[in-house]
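A.B. asks: Chains A and B, in that order, are what the protein sequence lines are.
Using my numbering, you'd call the opening residue of the first sequence number 1 and step up by one each time.
Using my numbering, you'd call the opening residue of the second sequence number 1 and step up by one each time.
No lab work stands behind these hints: they were computed from the structure.
Possibly wrong hints are sitting among the right ones.
Claimed, not checked - Sample of chain A residues facing chain B (criterion: CB under 7 Å; computed from the structure):
#1 R28
#2 G32
#3 E41
#4 H42
#5 P56
#6 A57
#7 R58
#8 L127
#9 S130
Quick caveat, the model's predicted, so the values are computed rather than measured.
In this text, a Cβ means the ideal position worked out from N, Cα and C, and glycines have one as well.
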Amino acid sequence: MTTITLHVNGRPLQAQAEPRTHLADHLREQHGLTGTHIGCEHGVCGACTIELDGAPARSCITYAVACEGREVRTIEGFDGDEVMAQLREAFSAEHALQCGYCTPGMLVTARDIVLRLPDADEARIRLELSGNLCRCTGYRGIVLAIQRVLAERRGGPSNAKVEAAHAA
Amino acid sequence: MKAAAFDYHRADSAAQAVQLLGAAGGMAKVCGGSQSLGPMLNLRLAQTEALVDVSRIEDLKAFTLQPDVLRVGAAVTHARIEDGELPDVTLGLLPHVASGIAYRAVRNRGTLGGSLAHADPAADWVTTMSLLDAGIVIVGVDGERTVPAHAFFLGPFTTALQDDDVIVAVEVPRFGAGARWAYRKLCRKPGEFADAIAAGWIDPARGIARVALGALDGMPQVVTGDAAVQALGQPAAVQQLLDNAGIDDEDARDLHAVLLGRMLKDLAP
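Only chain B is shown next, with the shape it has when bound in the complex (with noise of 0.2 Å):
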């Protein structure tokens, strides 16, 4: 299908995103690659008066290196973490991750940002930056402020943007020595959005011990401390985590146990 009508606004600099949404007056979407919104437009299950597009923005494409985190800017594309181009202070978490978003095709186009403003429950980005609470740098009308990514996500395709907001960076924690990880996920299809997604962070040096099930009909369910993802081992404890998660069907549970275990597996040291 075809896009519904819109007009389109490119913008130089965060601070001009944020004019040209304001004077839109909440009838824009921001777009990067629109690898996520591209097809909910040609579908019209979007529709929006206007695109302001954020993708040549030239701060949004660079990444700094910072003593506790990296800030990873908004509209780097999936194929560039995926090559290894960014320093790798998830021990190689995120080119993991990234590989396997969608079609190297996609992955060429489509940004960090959009797929965290797009905030769909399965996709890859949202359980992982869930996991690892990663600090989503916004720009307003009112400046810079960082919401952490268990305060970002608000429900399935909803988020804590406001309608002149820009997503301008993320900032992803730096693993400490030693540090751990496993990430599963089960798509029908290689390249499809995930059907169920499990994550595990293990971080003894910085005391951090996390496991995120994504791919949900909410957003993704975290796990802290190292009591609470020790006694995921127990069957209990993953029935519970599944009915806090709200899952229902009886094939859904399995398949998301199952998926839980198999990266618990991988997260043993």
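Same shape as in the complex, but just chain A (with noise of 0.2 Å):
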């Protein structure tokens, strides 16, 4: 055992952790953030993923003991974040999600896909979703919801190709 200390939305938090404990089973059994999910445990299905110094990361082969002295964001710290704000929104419109596992590691590429491509069309963002398993919405959703806080983001609410889509 080793005692590491992170930076987690914001707080420094310091605990105790085996260096082949995973960030994501560090984060939800120290530190109780269970928001970050876990579920292939080989950097696949994307449940996973936080942000790691500002960049999204799959926690899950991710060791803990080598984050020491970063900073980690997990799904429960972007509750005043603008961009994460508008996606919630978005997500709840689309029906981007049903059970919602994959929903914290969507919510932060989606982020990462609003604020680094900020031109995306639905074939990028299809693309840049690819490391992001969903069961459950055939991704139709999703796509729509963050092409839906791009066009937000673009100055206008109404963006034809979301209408479009509804409309077909």
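Put the two chains together into one complex; each comes in its own frame, and the hints tell you how they fit.
C.D. replies: Printed below as a string of structure tokens:
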């Protein structure tokens, strides 16, 4: 066991960690942050995606001890975030979740798409989402939700493509 | 699954990493972003007594432009290459390849050196660095040495790295003016390890013509020289290459042949 300090959602949190414990388990078990979900545990499904030093990362294939001193932001840390607030609204409006298991990871990835790729079209959104698996929605609602937020941020609430998709 | 227990050491320099590896007597593994080794450990396909983390060594995160090569630190992430942070000495090839590796969340942590050390035949950098015959810069007990890619990859998941060696950089050749490249990868789903990879590099100014076929059972097959690359336009040469690659399965042969054909079309001036 080693004692490590992570800056989690803006607060320094100290806890014991075994070297083999991945960041997702550490956050859930040592800090009670169960919003980070664990799916495949080998980096494929994306459910555990969190932000590490401001960029999305897989917390299941990142060992907690390797994150000593790093900034970690979990889904619980986005309460006051403007983009995440827009995404929450849009996910609800577009029925972008059903069981919700993939949602924390989806939201972190979606926020990265919105901020990094403000001009992303549907094809690019789908490509970027390929690292997050959802078994409920068929992705359509998730793609529409992200398109909605991108359109809103471009300055207009209406998005011809989103509207057309609804009409179809 | 969860990884079996291991010790963890963070190295502050390549020399310290070599020391730590030596002290472990061959029972430790070097770890960068843990995006290849992490899954292997979690699935218990790999087990190790200790990890030596090299991801915080500043030298390994840097890059330097030299007269003939771009020296890329081994701990430079795929995302940094994707985002064009490095001088574009390959006329866009490196960023293109980087952008297709796994997923953004993986590319943010996964490193160039880590991917090469892992040496999965289906990994993008393995085929790309074979195509370029990049120099793999290694630090070991006897100091630094550079091994060309063709001598570095010995087989699937097998490299010229000794137990106490650390990859510190990759020397990527600078393309000449008018150089062309093409890169085709076939995956059943974006971000997966490839079912087939075909890549080409034609550099008249440097007198280079190379084609690499990757995602094979073994290491990439590389065809060099104008005549040999030209000949790949003929079915007989393609069948010979597939024979050399040891592909028996009829569907797999077709897959690689089709992808090679498409890549050669892209590569044409």
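A.B. asks: Does each hint fit the structure? Answer for all of them.
C.D. replies: Cross-check of the supplied hints:
1. Look at R28 (chain A): its Cβ only gets to about 13 Å from chain B, farther than 7 Å, so that hint breaks.
2. Taking 7 Å as the C-beta cut-off, the interface hint given for G32 (chain A) is violated, the closest approach to chain B being about 19 Å.
3. Look at E41 (chain A): its Cβ gets to within about 5 Å of chain B, closer than 7 Å, so that hint holds up.
4. Using the Cβ-Cβ criterion of 7 Å, the hint placing H42 (chain A) at the interface with chain B is satisfied: the shortest such distance is roughly 4 Å.
5. Evaluation of the P56 (chain A) hint against chain B yields a held restraint, the C-beta minimum of about 4 Å falling below 7 Å.
6. Contact between A57 (chain A) and chain B, as hinted, is supported at the beta carbon level, the nearest pair being about 5 Å apart and thus within 7 Å.
7. Checking R58 (chain A) against chain B: minimum C-beta separation of about 5 Å stays under 7 Å; hint holds.
8. At its closest, the beta carbon of L127 (chain A) sits 6 Å from a beta carbon of chain B; the interface hint therefore holds under the 7 Å criterion.
9. Taken as an interface hint, S130 (chain A) checks out: its beta carbon lies about 4 Å from the nearest beta carbon of chain B, inside 7 Å.
The structure does not agree with the numbered hints 1, 2 stated previously, though it agrees with the rest.
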